[in-house]
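J.: Sequence:
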Amino acid sequence: MLCLNLSTEQRWLDLGHGVRLLVEPLTTAIMLAARSDPTIVAAAGDADGSASNDDLARIVAKAVARIVVKDWEGVGDEDGKPLPLTPEGIDALLELWPIFEAFQTKYIAGALILDMEKNA
1 MLCLNLSTEQ RWLDLGHGVR LLVEPLTTAI MLAARSDPTI VAAAGDADGS
51 ASNDDLARIV AKAVARIVVK DWEGVGDEDG KPLPLTPEGI DALLELWPIF
101 EAFQTKYIAG ALILDMEKNA
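The C-terminal position of the sequence shown is numbered 120 in the working numbering, with every residue numbered one higher than the one before it.
Just so you know, not all the hints are guaranteed correct.
What the hints assert, rightly or not - Within a straight-line C-alpha distance of at most 30 Å, the following computed BS3-like cross-link-like pairs (lysine-lysine) qualify:
#, residue 1, residue 2
1, 106, 81
2, 81, 70
3, 106, 70
Read the hints as simulated data drawn from the structure, not as lab findings.
Using the sequences plus the hints, can you model the full thing?
T.: Structure representation (structure tokens):
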């Protein structure tokens, strides 16, 4: 059985290491918007097919995060001063393996699992 969460409210997503992201619910509209991100278009159109599945997962996660993340906590500079939320900061945050893995597992995986089930 598919259980729908029809909430349109933003929620805090705990990624561990003291990092939390305020995210919008992941919807079809967001995934479609992310698919038109120039980095995804470039990777998908890569004529020699050099973009691996891991590269694509990283690129998609960043594109989605730049759309859905509205605030963050627990992200600071080398002196511990809180950093403002920026697209560049989101990309840098997702370059950290434990953060990327948590974002993939806790946020994006649910949508991808549903997509795989409908194609099974």
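J.: The structure should be examined with respect to each hint, and the outcome stated for every one.
T.: Structure-based check of all given hints:
no.: 1; hint: 106 - 81; result: holds, 27 Å
no.: 2; hint: 81 - 70; result: holds, 19 Å
no.: 3; hint: 106 - 70; result: holds, 17 Å
Every hint from the earlier list agrees with this structure, and none is contradicted.
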